[in-house]
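> Start from the sequences and build out the full structure, keeping to the hints where you can.
There are 2 protein chains.
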Amino acid sequence: MPATFSLLNEDSGARLGRIETRRGSIDTPAFMPVGTAATVKALTVDQVNQTGSQIILCNTYHLYLRPGTDRIERFGGLHGFMNFEKPILTDSGGFQVMSLSKNTKISEDGVTFNSHIDGKKIFLSPETSIDIQKKLNSDIVMVFDECPEYSKDKSIIKNSMDLSMRWAKRSKIEFGNNDEKMLFGIVQGGIFNDLRRESLNRLIDIGFDGYALGGLAVGESQIEMFETVEEISPLMDKYKPRYVMGTGTPSDLLGAVKRGIDMFDCVLPSRTGRTGLAFTWEGKLNLRNAKYTKDDAPLDINVDCPASKLYSRNYLNHLINCNEILASTLITWHNIAFYQDLMKKIRISIENGNFEDFYNQQIEKLSY
Amino acid sequence: MPATFSLLNEDSGARLGRIETRRGSIDTPAFMPVGTAATVKALTVDQVNQTGSQIILCNTYHLYLRPGTDRIERFGGLHGFMNFEKPILTDSGGFQVMSLSKNTKISEDGVTFNSHIDGKKIFLSPETSIDIQKKLNSDIVMVFDECPEYSKDKSIIKNSMDLSMRWAKRSKIEFGNNDEKMLFGIVQGGIFNDLRRESLNRLIDIGFDGYALGGLAVGESQIEMFETVEEISPLMDKYKPRYVMGTGTPSDLLGAVKRGIDMFDCVLPSRTGRTGLAFTWEGKLNLRNAKYTKDDAPLDINVDCPASKLYSRNYLNHLINCNEILASTLITWHNIAFYQDLMKKIRISIENGNFEDFYNQQIEKLSY
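These protein sequences, in sequence, are chains L and X.
Anchor point for the first sequence: position 213 equals 212 in numbering that gives the first Met the number 0, and the numbering is continuous, going up by one each time.
Anchor point for the second sequence: position 140 equals 139 in numbering that gives the first Met the number 0, and the numbering is continuous, going up by one each time.
These aren't lab readings, by the way, just hints derived from the structure by calculation.
Heads up, some of the hints might be wrong.
A pair holds if it fits inside one copy or across any two, identical chains being indistinguishable in the list.
Unchecked claim - Only pairs whose alpha carbons sit at most 27 Å apart, straight line, appear in this in silico DSSO-like list of lysine-lysine:
1. Lys290 to Lys120
2. Lys120 to Lys237
3. Lys343 to Lys180
4. Lys134 to Lys290
5. Lys308 to Lys153
6. Lys101 to Lys283
7. Lys85 to Lys308
And the structure:
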């Protein structure tokens, strides 16, 4: 079946939609937990499913380096390899090349770099990235882009954006025709709105199934991020999904939804979960804190997840204190369930036409 | 309801039985996964339940040190604290005092030592150990004993055993009358069968709800362990459960069942699971080994557990290679499910009167 996006409702800038894929539907605004190396860290796929997640993100860069595509292809792709049946979006690797690899050399053709794991020399290009993503058999494929570091030097950002747009074209050609999957373009241009607009227009000329804002979540403030989103989001194709990559905190999500964004991914709920930090409807709890030795309340009774309801803060504090793996599992599980609960409540409020009320009620509480 | 043990069948030395407790029944021969610090490491209680485990073991020593009894007592005991509804056996701490603590000083009264965590001075005696176990509210309570290191010096072992027997008496007095729980005595005496027999007789004179062999799994060979079991097991009360503490490998379990033992605990399936070692019906697999990069078979299709059937050895090898927490979870989960599958097959064979056939079929394959 062809993958589709339907815009179902609009309310105070926020959008309600649904992506339909061969592997299930994704209600938007959607949060995608990150499963870098073909596992959402510390969780089984059953636990991921129980959080209400309808799609996860995996990383082309990491999977290409380890275990390599051969071992995944034998299962017909990532779904079989990791035993996850719902849709998967694969990042193209562009961001990781910038943030993780060493001795990176960029040419028109692609990027040569040394693996951050074993130093091995690797080459990635639009063609290789899309080819790997085909082998991973993900449902949403991202174009291969160049992700420059945060910079105020416009010429650097302009040159980089130009290259990314030529690579976007090559990614589209390599992707070919496959209406069962979606290919998303990635808007670059740093903090320069004119470059961002130019980038978006060039992507629209090529034509993609969705549009992402890349090069954010690289050190800019929330205000700068929102300014970029506010500037570019309204110019994006109304009938295609809009995705801000690598974001963010609960208030980032609320603010970006208000500015018309449909999709998000972030390591935050899983990474902080492994350090004992819990996102809840009553604030962010650092469960390492000694005060939780006396707190016998469940983590968050408002979130419908076993990890949120069945285990006390006292017990979780004990597990963290003993370096027990179960602490990472339970807090990550809860955090992702909390994120999904937030997205669900956002979607319901858009459906009911009271997103603004919901936003106003929650934004301060969730600005932690 | 009073806790009871029923002997249901005997076959070629092996015994089929059932312990009934207020928290559920335990079919014997039974294997108890170890949940040292109120968690079977890397597993949720749901996963523990899915392995078919009917009872787990927790450690008085560890829980007294961290988090302390207050934080557990507020939940009415361990079950509420860790959210596990089935029976729990608590070890008395005697073994851990010997193996983990520092500056241990033994007197008639009890043991003074420094915590292995923060060096804090701690005192444990028969009375304090039983009192802690009452607060933990476990279903099977162990007497507080002195566990000497492996020694061939008979006078050392004799003096230690004498002390343990006096402590067993004090443990019984402190336990008092509570027919909802069981109190087990622990036979000491090292490698000296006459001391073991004397120890058992003195315990039987005091009268316990079950009898354990302690001071094994401290470095002796399997043959020595079996010799001790073979010597002492037939002398144990036929109508009370018989427990070999801290054992063992699959072949240890098979061999001890053949010699009349009903209960076991061991960290082996969980500890080795965290290192990538899997126990299966076709042998012990070191999933770190490069050959598993090419092995797309499930871990063990003969074990009815999601971790055994749904994930390939290739995928597990990848997770281990990436230090993913999920590797520890899945392999521990499988290993305990495998142990429970072994126990179940042992019980069925005793029920059907063909334990000896089962033993002969499996003992070589499982002697890894």
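> Between Lys120 and Lys237, at a C-alpha cutoff of 27 Å, which is it: within one copy, between copies, both, or neither?
neither (41 Å within a copy, 68 Å between copies)
> Classify it for me, Lys134 with Lys290: is the Cα-Cα distance of at most 27 Å met within a copy, between copies, both or neither?
between (49 Å within a copy, 22 Å between copies)
> When Cα atoms must be at most 27 Å apart, do Lys343 and Lys180 count as within-copy, between-copy, both, or neither?
within (25 Å within a copy, 47 Å between copies)
> Given identical chains, is Lys101 near Lys283, meaning Cα to Cα at most 27 Å, within a copy, between copies, both, or neither?
neither (35 Å within a copy, 39 Å between copies)
> How would you classify Lys308 and Lys153 at a CA-CA limit of 27 Å: within, between, both, or neither?
neither (50 Å within a copy, 54 Å between copies)
> Between copies, within a copy, both or neither: which fits Lys85 and Lys308 at Cα up to 27 Å?
For Lys85 and Lys308, both the intra-copy (25 Å) and inter-copy (19 Å) Cα distances are at most 27 Å.
> For Lys290 vs Lys120, is the C-alpha pair at or below 27 Å within one copy, between two copies, both, or neither?
This pair counts as between: shortest inter-copy Cα distance 24 Å, intra-copy 49 Å.
This entry does not satisfy hints 2, 5, 6, going by the numbered hints stated previously.
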